[in-house]
Every structure is written in C-alpha cells, then in structure tokens.
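Participant: Just so you know, the sequences run in chain order V and E. For the first sequence, the residue numbers in our numbering are 1 to 382. For the second sequence, the residue numbers in our numbering are 1001 to 1530.
Some hints could be false.
What the hints assert, rightly or not - Only some residues are given here: those of chain E computed to face chain V with a beta carbon under 10 Å:
no.	residue
1	Y1086
2	I1093
3	I1100
4	L1115
5	L1129
6	V1131
7	N1220
8	E1495
To be verified - Output of the computed footprint for chain E on chain V, the stretches with three or more beta carbons under 8 Å from beta carbons of chain E:
no.	region
9	176-186
10	346-353
Unchecked claim - Short derived list, chain E residues pointing at chain V, Cβ under 8 Å:
no.	residue
11	G1062
12	F1077
13	A1099
14	S1303
15	Q1341
For the record, the hints were derived by calculation from the structure and aren't laboratory data. All values reported here derive from a predicted model rather than from experimental measurement. The beta-carbon is built from N, C-alpha and C at its ideal position, and this holds for glycine as well.
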Amino acid sequence: MIDLIDYPTLRVIWWLLVGILLIGFAIMDGHDMGVGTLLPFVGKSDVERRVAINTIAPHWDGNQVWFITAGGAIFAAWPFVYATAFSGFYWAMMIVLWALFFRPVGFDYRSKIEHPLWRSVWDWLIFVGSFVPPLIFGVAFGNLLEGVPFHFDQNLVSTYDGSFWGLLNPFALLCGLVSSAMITLHGGVYLMHRTEGDIQRRTRQWVNLLGVLVVVLFSVAGLWVAYGLDGYSISSAINHAGFSDPLTKTVVRTPSGWLQNYSKCHWIIAFPLLGYAGMLGATWLARQGKTFLAFVCSASGLAGIIATAGVSMFPFIMPSSSDPRSSLTVWDATSSHLTLFIMLIVALIFVPIILLYTRWAYAVMRGKVTAAYIRENSHSTY
Amino acid sequence: MISEQLVNLSRMQFAATALYHFLFVPLTLGMVWILVIMESIYVMTGKQIYQDMTRFWGKLFGINFALGVTTGITMEFQFGTNWAYYSHYVGDIFGAPLAIEGLMAFFLESTFIGLFFFGWQRLSRQQHLLVTILMAIGSNLSALWILIANGWMQNPVGAEFNYATMRMEMTDFWTILFNPVAQAKFVHTVSAGYVTASIFVLALSSWYILKGRNVQFAKNSFRIAAAFGLASALSVIVLGDESGYTVGEAQETKLAAIEAMWHTEPAPASFNLIAMPNEREMKNDWSVQIPWVMGLIGTRSVSKQIPGIIEIKEKNRARILSGMQAVSALEAIRAQPMSAQLPELKATFDAHKADLGFGLLLKKYTDDVSQATPAQIQQAVDSTIPHVTPLFWSFRIMVGLAFLMLALFALSFWHTLKPGFESRRLWLFRWAFWMLPAPWLAAELGWFVAEYGRQPWTIYGVLPTHMSVSTLSVQSVYGSITGFVGFYTVLLIAEVYLMVKFARQGPGSLGTGRYALDVHHASHATTTSH
C-alpha cells in the first residue's frame, strides 16, 4: 500500500506539510500572540484590556495546538531536525518554553482577582509570552539561513558546536524583528476586526507603523540574503529515495547561494511578492476599516514571508556551518517511507476536520467584543 | 563517554517536569466526564442547579487546566531539547503518536474548551452539551496517544533497527497501536484520572456539607462523584492488575523488582504482601507472603513460572555478551560502509541484532564495547535490574491507596442511597475530605513505578537511558532545571491560591445570586468603577 506514493515524493510532500503547519501556526497562534504583544499598549484601562484578551479568549488554546502539532509533526517526519535543532538551540528553546508558560496561566488567572497589581503583572507576563516566542522563532530561522554550527559523529549523535550568544548575531536578530513585526501586525488586524472605539483606533496606529516596518525589514533581510550571505548546495550525487543518513553526501557553500533556486525556477519569486502584497494590502485595508479582508491579507503575507525562507533553502532544512556535510536536507533527514506514508494519511484525514470545527468555533463567537459585554459577564469572561 | 552527571541531571529534569505535569492531567481527564454527567442531567431535566454545578466545577477545572496546558508544552519539546539521541533513535516510531495526539486529540480538546467556557450564551443547550462531550473525548484521546507512545517505550513492538540510518524504524503501525501494554496502560491511567476527579468533587462537596453551606448543591455533586468514583476505582484496580499482567509478559525485570522476587519459585509463586528487601545480599530480610497469589496475578495460570531477579540477570549476561558482537559489527560497518568484509559483518550483526541494546548497556562503562572487561560486563549485568526497595514500596503504597479510595467510594455510594444522608455519619464526610491528596499521591507513585521500573532503559531492551541524552553541558542542564523548578513553583503557588480561594467561595463565585457567599454585587460595583 505504501507504494502508492514513492519515497522522494513523500519527502517533498512532508516538506510542504511542515511548511503548511508552520504557516498555520503563524496565522492562528500568531494573531493571538500579536494581540498579547499589543495588549499593554492599546488597552489603557482594565476593561479595555479585558476586551482585548476576550477577543482571543475562546480560541487561544486551540490556536496554540498549531505550535504543539508543528513540534509533533517535525518529530514524526523529521526526527533528525527535531533532535538536532531543539538540542542545539537549547537556551533559545528554554526561553520560548518559559515565555509560553505565562500565556495559558495569564489568560485564565488574570481576571480572577480584582487587585490592580495582580492584573498588571499578568498583563505584562502575557506580553512576554506573546512577544518573545515569535521573536525567537525569527532568530532561529535567521540562523537556519546562515547555517548552524553542528556536526554528527559516526553513530549520528549530533553535537552543537556554537554558543547561545552566537545565535544572536545581527542577521538573525533582523529576522527576529521581521517575525515579530509581521506577527504583531497580524494580531493588530485581528484585534481591529473584533473591537471598536478607542482600542480599535489605537490599534490602527500600531498597524500602520508595523506595516511600514515589516516591509522595510523584510526588504533589508532579503538584500542581506542575496548579497551578504552564503548559501549551501549539495555537491555529490543525490539518492532521493535513499536511507536517511546525512553523512552520505557532500555540501559546498557558495556566496549568494540562496538565490540559486530563483534562477532555476523563476515562478517562486511569487512567494516574496505575496509577502509584500499581503502586508501592504493588510495595512491599507485596515485603514479603510475592511478588517476581515485585511486579516486575509496579513495571513497571506505571513504565508508568503515564511514560504520565501523555505523555498530559498530547499532542499536544505538545517545547513551546518561547521561541518557542511552534516547538513540536514529534505532527502536525508526524514522518517522512513512507512512512517511518512502513515502520517500523511493521518494528516489528510484530520487537518480538514480541524479546519472545519475551528471555523465553527470562530463563527459561534463572531462579532465585536465590547466593554458592555465584559461588564455584564464579569465572572465568566477572562 | 557521556558524563554520568549529565545523564542524571537530564533524568531529574524529565522526572520533575513529567511528575509536575501529571499533577494536573488526571484531574482534567476525569473532570471532563463529571462535567458531561452534570450537564447531561441539566439538559435532560432542565434543572438550573445542574447548570450551576457544571459551571462551578468547570471553573475549578479551568484553573487546573491552565497549568496542565502550560506544563504540557514542555513535554512536547523536551524529548528534542534534552533527549536528542533518543529522539533520533526512535523518532520514526515515537514521533508518530505524538503528532497524531496533536492532530486528533489536542485540537479537539482545546478548540472546544474555549466554547465550553465562553459559549453558554451563544449555543443551545444541546449544542453546548455536545461541545462538552467533544472536549471530554479530546482530552481522553490525548491520553490514548501518549500512552501508545509510552507503551512502546515499555514494550517496543512493530519496529526494527536499521544500521543505515542508525535508528529504529517502524515496520507495523497496527502492532504499535494495539500494543497490549499500551492498551492496558491507557485504561488504567484514564481510570486513575476519573478517580482523581471523583475524589476532588467528593472531598470539596463533603467540606460544604460539613460547613452547612450550599448543601443541596453539595449533595448533588457528592452523589455524582460517589457513583462515578466507585465505577472508576473498580476499573482502575482491575485494569491495574491487567497492566501488571502485561508488564509481567513484557518486562520481567520490572515485575521481579516490584515484587522483590529474588529467585524463580516453583509455580504458582507466592506474593510478598510486605517485605524488607535487602539489595546487597539479594534476598528479603523478612516477608509476609500469600501463597499462590503472585503466580495467579503475574501469569494467569497455576503452572507458569515467574523468573526471579537472579535468574533474569544470568539471562541478561548472555544477551550482553551477544550484544557486544552486535555493537562491534555495527561500528565496523558504520566506519567503513564500503569495506570488502561488509557481507561478513552484516551476517554477524544480523545474528546478534536482537541483543544490540544489551551491548549498548556497556557504553556506560567503556567506549570500546568489544574490549569490555569482565568487571565492566558484571556492572552492566547488575545494572539491568532497577533498585528493588523504592519500587517495592511505591507500588504497595499506590495499591493500598487505591483500595482505601475504593472503600471510600463504596461507603459513600451506599450512604447516598439513604434520604437525608447529608445530616448523618459526618465522619464519612471528614474522611472524604482528608482523602483529597490520595489520588495524586497514587498517580505519581504509579508513574514512578512505570518509569523508574523501566531502568536502565528508555526503550526497554533497545536503548539504554545513558545513551539517550543530548550532548549538552552539565551547566546548561543545571540552569534549565533551576528555571523549570523556579517557574513551576511560582505558577503552582498562584494555582493553589486561586483554587483554594474559589473552592472556599463555592458556587457563590458564579455571581448568580442563588448561592451563599455570592460575589456578584460587590465586584460588579468595582468593575464599573474602572
């Protein structure tokens, strides 16, 4: 039965699927994180902050599962990446996890006690939990583009050769800012869609600012990749259906190497263009008050920007700067043929079901969240 | 060689974060069904009090759930951060149930929990009940998938080692899915969750009854908890026994250690009710035995023998010696995959492949396994048996608590059948209240038995624990443990504080105006004053 789809095709499908899960994570958990990031700045009073939190109250938990599932899917489909990246980026991962701790607890506990200090502390912790993870994910992507210092020994034990501080280099920090700006913009657009009055007006100002910022930062990062960064390419013959052993290939670094895919395959320029169009469109439509369309645009923009990083690096997932042949690629970092096949079936069954009931949940809770609603439901809302 | 300190610290961190996570999980697993029961009665009878019960117990459930989610995030990523070689070595099998857990269970649970809390006014009664049921199914399905993953660590079926990728690879998904150890563990674990939630509701309802506050509300809750708890406690004990049986089949070392069985006895073996295990001399200093019982529990027969520790060690010695050849052949193949001797090496490897994991046990004592000294081999042989004393006692305390809870549920259930039960036999309510910590203690001890009892393996018989860790610095893991303990402690304080506050306040915290200690009026005024 697994012969229905050959191994190389499955490997490419899973590269697409992981990409889709990451984009799903950015769109769904991203808009919550954007709201959490803007929370202390656009909510001036307690009721306003509760309004902001309650726009995402029924959904943040389901949205966070995109993150958990992306982690699980990387474990199942790319165990090499799961093992090497998460242990290599150890402190970055710890900071992400610890920051994320504050969100579930912050949302649920914040409004359960009246004290202003209690609420203000949780508001800032929700901010930390919402601002830090997208920033660090961006930094991680930046490091992937640059290459990560790690190597495998003969038994495929991976060792990270760099330091935590090495991750925080200028290019990676720039990518962190791109990620942070685009996620916050996306959350801002969502918040505008679900609120009215002062809080909506303040959010619009942030969206305007972030729209400009994300376009500028994305352009600078793009130029940096094009002219200031080495890319990687496989220099030995590739067995697309071979066993997953990263050490069976050789890899070379070439200046501007991440542009090679664009000259081989012109149409992929559509992804960075989608990134620009989505972000500019979102900003413009949000100004017009067409917040739903603006949300669709910012979601498309996120997809375009994330896909840009993915297609530029293909087939590389995690290049190694210290031992290039240890680099992890689509052809040698995956699970077995059987596991990829089974997981594809599972994903094909469940992802559409998830999308359907998520859509239903949003439909049930649609409409503006108002200060009056918060006051009337003081004991059952966040 | 991998630093032993690194291995110990990584184990401590995993144990701490997992045990901490499991403070919140069992209450969630059971509470969702109690909420389903309460809300079903509401939908069927239309009586307001049952909706209030669903909402109040739901509020406490939410406080607990928030920390369950928080600590669960760690678990999804910790295999990668701290157990990288494990993740590489078995990710082909172990990753799948984790990903399926996300897709099939977490999404369901987490999407509908939002509607459970915020959808009361937007959904019809029937729709809301459906939401609660889907949330319950989701949370219980997550237990299924994580226990399929854990069951595979205990009994690694349906997979084979591939030297080209240096890892275990899936050969049969259905075998992994229907692993008998996983199935027994799943039902045992969710039943334990049901018991936990039942004790929780029973204990707090007892407290309200003793205080004479919101007595009707407390009585109704007490009845549901007593009935649900009785069924669950019976199930947890019967299925715990089934779990013990499957462990006996799959992991003889764990069973022998739990029972302090040093020697193979003639069948059917007797059961050490209590004993004083002496690990140095490999005997029990004294013991109170019940004839036949061990043989019956462990083998479901009167004729099959259960191997004792001393005999198991000798078997393991033979496997370690065979495993040494597997490791040597594998290393030669990996070093020179194009070597002319490849066919011979492969033949040697295939002949000893089944014992590869046992050969890897020696890696703890020497880098060059093929040159291991007799002393190192003896160390490896001794390491195959986990420490007997902690397992022996943990298991007995867990079982003792289970029977104590069963007795409480049985008496409580019997008591609720009589009219006006709330004003009689107050000792029962006091007992119920003081039993509050029991299910948590039993659940944590249960995990201790399951995981500590699997040592020295992460994947039983396949991958030793000391090889599974990430190549991190000891300082890094010290740092992260400190962080986890610090953050978790602060969050736990906040959680317990809120839990106690709302439990004390009782259904008055809903602000409906129908219960004692109602908060509505006072807080409404302060909210509008902002």
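Participant: Against each hint, give a clear statement of whether it holds in the structure.
Facilitator: Evaluated hints:
no., hint, in the structure
1, Y1086, "holds, 8 Å"
2, I1093, "holds, 7 Å"
3, I1100, "holds, 5 Å"
4, L1115, "holds, 6 Å"
5, L1129, "violated, 14 Å"
6, V1131, "holds, 9 Å"
7, N1220, "violated, 21 Å"
8, E1495, "holds, 8 Å"
9, 176-186, "violated (count 0)"
10, 346-353, "holds (count 4)"
11, G1062, "holds, 6 Å"
12, F1077, "holds, 6 Å"
13, A1099, "holds, 4 Å"
14, S1303, "violated, 40 Å"
15, Q1341, "violated, 17 Å"
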